[in-house]
Amino acid sequence: MTALLDVRGLRTAFQTDAGTFNAVDGLSFSLEAGRTLGIVGESGCGKSVTALSIMGLIASPPGRIVDGEILFEGASLRQLSPAQMRDVRGNRISMIFQEPMTSLNPAFTIGEQIVEGIVRHRAVGRAQAREQAVEMLRRVRMPSPERRFHDHPHKLSGGMRQRAMIAMALALKPRLLIADEPTTALDVTIQAQILELMRQLRDETGTAIILITHDLGVVAELAHDVAVMYAGRIVEKAPVEELFARPEHPYTVGLLGSIPKLNLRQQRLPAIEGQVPNPWNLPAGCRFSPRCPFVTRKCRAEDPPLIALDASHASACWYAPLEPAKLVQLA
Amino acid sequence: MTILRAERLVKHFHAGNGWLRRGGVVHAVDDVSFELAAGETLALVGESGCGKSTTGRLVLRLIEPTAGHVSFEGRDLFALGEREMRAARRSLQIIFQDPYASLNPRMTVAQMLAEPLMLHGFEPARRRDRISEVLELVGLAPQHAQRYPHEFSGGQRQRIGIARAIVVEPKLIVCDEPVSALDVSIQAQVVNLLKSLQGRLRLAYLFIAHDLAVVKHIADRVAVMYLGKIVELAPKDELFARPRHPYTQALLSAIPVPEPRLRRSRLLLEGDVPSPIDPPSGCRFRTRCPYARELCASAVPPLVEQDGHATACHFWKEIAASGAAVPDFASVPPNPRLERLQAAFAGRAS
Chain X
0 MTALLDVRGL
10 RTAFQTDAGT
20 FNAVDGLSFS
30 LEAGRTLGIV
40 GESGCGKSVT
50 ALSIMGLIAS
60 PPGRIVDGEI
70 LFEGASLRQL
80 SPAQMRDVRG
90 NRISMIFQEP
100 MTSLNPAFTI
110 GEQIVEGIVR
120 HRAVGRAQAR
130 EQAVEMLRRV
140 RMPSPERRFH
150 DHPHKLSGGM
160 RQRAMIAMAL
170 ALKPRLLIAD
180 EPTTALDVTI
190 QAQILELMRQ
200 LRDETGTAII
210 LITHDLGVVA
220 ELAHDVAVMY
230 AGRIVEKAPV
240 EELFARPEHP
250 YTVGLLGSIP
260 KLNLRQQRLP
270 AIEGQVPNPW
280 NLPAGCRFSP
290 RCPFVTRKCR
300 AEDPPLIALD
310 ASHASACWYA
320 PLEPAKLVQL
330 A
Chain V
0 MTILRAERLV
10 KHFHAGNGWL
20 RRGGVVHAVD
30 DVSFELAAGE
40 TLALVGESGC
50 GKSTTGRLVL
60 RLIEPTAGHV
70 SFEGRDLFAL
80 GEREMRAARR
90 SLQIIFQDPY
100 ASLNPRMTVA
110 QMLAEPLMLH
120 GFEPARRRDR
130 ISEVLELVGL
140 APQHAQRYPH
150 EFSGGQRQRI
160 GIARAIVVEP
170 KLIVCDEPVS
180 ALDVSIQAQV
190 VNLLKSLQGR
200 LRLAYLFIAH
210 DLAVVKHIAD
220 RVAVMYLGKI
230 VELAPKDELF
240 ARPRHPYTQA
250 LLSAIPVPEP
260 RLRRSRLLLE
270 GDVPSPIDPP
280 SGCRFRTRCP
290 YARELCASAV
300 PPLVEQDGHA
310 TACHFWKEIA
320 ASGAAVPDFA
330 SVPPNPRLER
340 LQAAFAGRAS
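From first to last, the protein sequence lines stand for chains X and V. By numbering that gives the first Met the number 0, the letter at position 167 of the first sequence is numbered 166, and the numbering carries on one by one without gaps. By numbering that gives the first Met the number 0, the letter at position 104 of the second sequence is numbered 103, and the numbering carries on one by one without gaps.
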């Protein structure tokens, strides 16, 4: 089966006063139709830049894709003209954001905005588009959709805005939805509603999702596969259950340890010491080596590639698969 | 030993501006009572607008209440004069959520730490010692004293915020979402720091948070708030194992748990939190409660304690008996390999 999306060796650079750095530095992954890939990592790891690169939304200057291929349904997105890319965006690939007000226009009602997208990409009249928009609002469980159609975004609660944005993103039945921290700004009971909604809509429509988040809990809820990013790279990739049960990169191990366990009593959290490296001044060798408790001389000298451990699990650690007894001896 | 007692605290704000004040009255905190012992952590949890931060500001008398009392070490805080209040502030400190907004960008760390020391009458010679002592306590280096906030990362800035709070040797710190703006790995470092400081300095924390996993880790007791009221208050293990109030049950079942193998049934709430300007009659949770009945609309359920576990729900006994939707955290199988790998991280921690 050919992948819906195939990203190969993506490198996105930003020019700043302090110099040029690669926010995304040689990223490769593929996504099959109907699957949900979670991309997790902390601030500055490059997860949002990855999303914007796929969407062709990197502001230039200061940013620029300097290398790599983004193949969507077999065609190279980097080769498309701006006009062709506009036909893809919002139509075959949609995106939703953490803050709905970044994608909702405050000057128009939410109904008008959904209709606008439908009319822009489909050969339908306004009346028919309007019907589809109301239907879409109903499908995202917007309370009283006919009435909300005429509301401006500021009249809606945070949860309802998120629903409106999802309605707008899915109105054209995109093949791929990129969701960048879709529930981060929401309260936990509203977050649960939106996650449930995304799960239902995904199962109904078969839309593939790239779920970008810092929250491993959200990933565990929604993703089929997970890619963990650190300092512009994918350091581990695995099916979701496998990643949580058998992480094979020390960063993933540390990230999982940083979250207090609800099923255990812990005195101290096994936290990762130190901080994410400065992108202008990356450490030699493995980028995680200064914070890794298992670090060896080899790690400080040589950059480990992302290597497949089996058909579905890959890790960028010289010592994967990680064996506790062996690692403790090394360190 | 109880050091802080909040009794029937009420805080109403006038919404909207202009002298007509036509915006109505926001019932931010309504009849909230709790106690806090020396060295203890009480967590206040709840969603946006539940009144947890307002409660935190009330117990420090950063804002004046509409009604109610706060006594600290037996003295009524709201009855203190300006000078007495200033003296009391030495014992009562706060750590804010946003380490970027809560530090003065024009002051070095040393200046920021010297200011409260000066205010509380520490001798100049003692000040310098105290500053280096505190920097070490929070895991910063002596040379950091001469730097400005922008030279630090988010996690380090939160350490500065903590240093500023503990420098005058307080007894109680209100921690207002102290880790929610931080990245996961940094969050864990700061949580560890807060816990170890509490042990060493016998601090009481009023820990305001929305992240229930962090709360479970750090708190001794937990108060759950909804629309200005405490709906449940219990020791943490009891609360997480046997939540009685349907709102607490919904909160627990809504947490995204980083464990795909967790078995659970969900109690998914419909709709949004109602406006605190016009809260529902009777039980404020009734408009979203799957168990609501007539009585819930007419009578405000009092917070009633049984076996050290207080609940404000007319029907909690029936609801508990009907088998509540509580995630079975124990259903997650142990993972000895992962625990051994993580032990290496713990062993490395300073």
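Hints in this document: simulated from the structure, not taken from any laboratory. Bear in mind that the values here come from a model prediction, so they are computed numbers and not experimental data. Possibly wrong hints are sitting among the right ones.
With a cut-off of at most 25 Å between alpha-carbon atoms, the simulated SDA-like pairs for lysine to any residue come out as follows [claimed, not checked]: (1) K260/X <-> I276/V; (2) K172/X <-> H120/X; (3) K154/X <-> I276/V.
Tested hints:
{"no.": "1", "hint": "K260/X <-> I276/V", "result": "violated, 37 Å"}
{"no.": "2", "hint": "K172/X <-> H120/X", "result": "holds, 11 Å"}
{"no.": "3", "hint": "K154/X <-> I276/V", "result": "holds, 16 Å"}
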